[in-house]
Each structure stands twice: as C-alpha cells, then as structure tokens.
Amino acid sequence: MNNRLKVLRAERNWSQAELADRLGVSRQTVNALETGRYDPSLPLAFKIARIFAQPIESIFSDGE
Amino acid sequence: MSRQQRLIIVLIGSFFGLFILAGVAGFLSGVVSGATGDTSDRPLIWGMGAFAVLAMIGAMAVSVFWMRNIDEAAREAHKSAWFWGGTGGMAAGGVLVILASLPQAESLNLAAWFTDRTDPAAYMATGAFAMLTLMIVGYALAWVWWWLARR
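Protein sequence lines, in the order shown, are assigned to chains A and B.
Residue 1 in this note's numbering sits at position 1 of the first sequence, and the numbers go up by one each step.
Residue 138 in this note's numbering sits at position 138 of the second sequence, and the numbers go up by one each step.
Just so you know, the hints here were simulated from the structure itself, not pulled from any lab data.
Remember, predicted model here, so these are calculated numbers, not experimental data.
Treat the hints with care, as some may be off.
To be verified - Okay, the calculated beta carbon distance ranges per label pair:
{"hint": "1", "chain 1": "A", "residue 1": "Arg4", "chain 2": "B", "residue 2": "Met48", "range": "56 to 66 Å"}
{"hint": "2", "chain 1": "B", "residue 1": "Ile8", "chain 2": "A", "residue 2": "Arg37", "range": "40 to 50 Å"}
{"hint": "3", "chain 1": "B", "residue 1": "Arg151", "chain 2": "A", "residue 2": "Ser58", "range": "25 to 35 Å"}
{"hint": "4", "chain 1": "B", "residue 1": "Arg3", "chain 2": "A", "residue 2": "Gly36", "range": "22 to 32 Å"}
Quick reminder that beta carbons are idealized off the backbone N, C-alpha and C, glycines included.
Extracted from the complex, chain A is given alone in its bound form:
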C-alpha cells in the first residue's frame, strides 16, 4: 500500500518523533509506515487521517 505520510509530515515541518508522539506510536513505527513497509490498522489509519485533517483515501492508496 502506498501513502503520502512523508509528504504530509514534511508540509507541517514535523519530525518523525513528533508525528509518533501525536499518533501514540514509536518513531520506528512511523518510519515503517512512511516507507510503505507496514500497513496501519484501520483505527490507526483513521487517527492519521484525523491528525492530517484529510480523508483516508487521500492519504493511502492501494497502488492499483
């Protein structure tokens, strides 16, 4: 699954640690999410969408 997490985070000048704090996860988890090597659960995806104030589908795409 592809995502725009890194871009959205950069637009806000947040560090990975800062985003991790906001999401309540570790920095390593944010890194794994950004590289697209870990797909978040639905609750975490909703939380990400809330934090960036965007719909889930504008952040995550299935790559098709």
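Given chain A's structure and the hints, the job is docking chain B onto it.
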C-alpha cells in the same frame, strides 16, 4: 510518566522482584523445615514449586502488560516472531527429538555435557531447555528480521 518509562520501570521491578521472590521462597522453606522438623527435601521442593508457579504467573502478567502497552507495529513484530521464529526453532528442535528417539542415541549422555547429573529428570530438563533455547533464538532472529525489513 510516558508509556516507555512505565514499561522500563515494570521490567526493572520484575527483575528485582524475581530475586526477592526466590529469597522469600528459600527463607520460607527454611522456616517450615525448622518449625516442622522435616529434614527431608519436601519443604524445599514445595518452596521452589511455589516460587516457580509465582514467577511464571508474574512473567505472564508482565508479558500481557508489555503487549498492551506497545504500539501495533511492535505487537505485530512480536506476533510474527512468535509464529516464524518460534515454530522455526521448534522445527529445528523437532529434528533433535527425532534423532534422540533413535536407539543409536542411547549412548549419548547429553545431560552430562551440561551437568553432573544423569538422572531422567536431568535429561528431561536438558531437552526442555534445548527446545526453549532454539525457540528463543528463532524468536529473536525473526523479531530482528521483521524490524530490519521495515527500516
């Protein structure tokens, strides 16, 4: 206090708690032995039995606390490590179990490699520790691999 600090405090507390628990079990075994005049190994066995049960219940409680306080990716890493590493280690141990069951293995004094004891319980403990070690090694490798693959 952050979640990570809480986890570290619980881990350190559990580590020292284990020593205290072992000390209390040994002390109580001595007290019971002295009070009842029982000079056999029975009080020690009961004391160590109680220690083992309490230590394992404590280990389970700490594990549950740990799993509930880490984030979902960390939890996923542990689940993956448990399946791939644990079962991989068990499969490796399975080879040893099959080989050990052959009549040709009769002359191997495996337990004597690690301890002076060669009684059946020593062999049982050796086998259990060997299987546990392989599973833990597999678990650790799979856990490291999971995170390295997601860097």
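Using the C-beta atoms of Arg4 of chain A and Met48 of chain B, is the stated range 56 to 66 Å upheld? About 58 Å separates the Cβ atoms of Arg4 of chain A and Met48 of chain B, which means 56 to 66 Å holds.
Status of the given 40 to 50 Å range, CB of Arg37 of chain A versus CB of Ile8 of chain B: violated (27 Å)
When you take the CB atoms of Arg151 of chain B and Ser58 of chain A, is the distance between them in 25 to 35 Å? holds (26 Å)
Taking the Cβ atom of Arg3 of chain B and the Cβ atom of Gly36 of chain A, is their distance within the range 22 to 32 Å? For Arg3 of chain B and Gly36 of chain A the Cβ distance comes to about 26 Å; the hint holds.
Hint 2 from the earlier list is the only one contradicted by this structure; the remaining hints agree with it.
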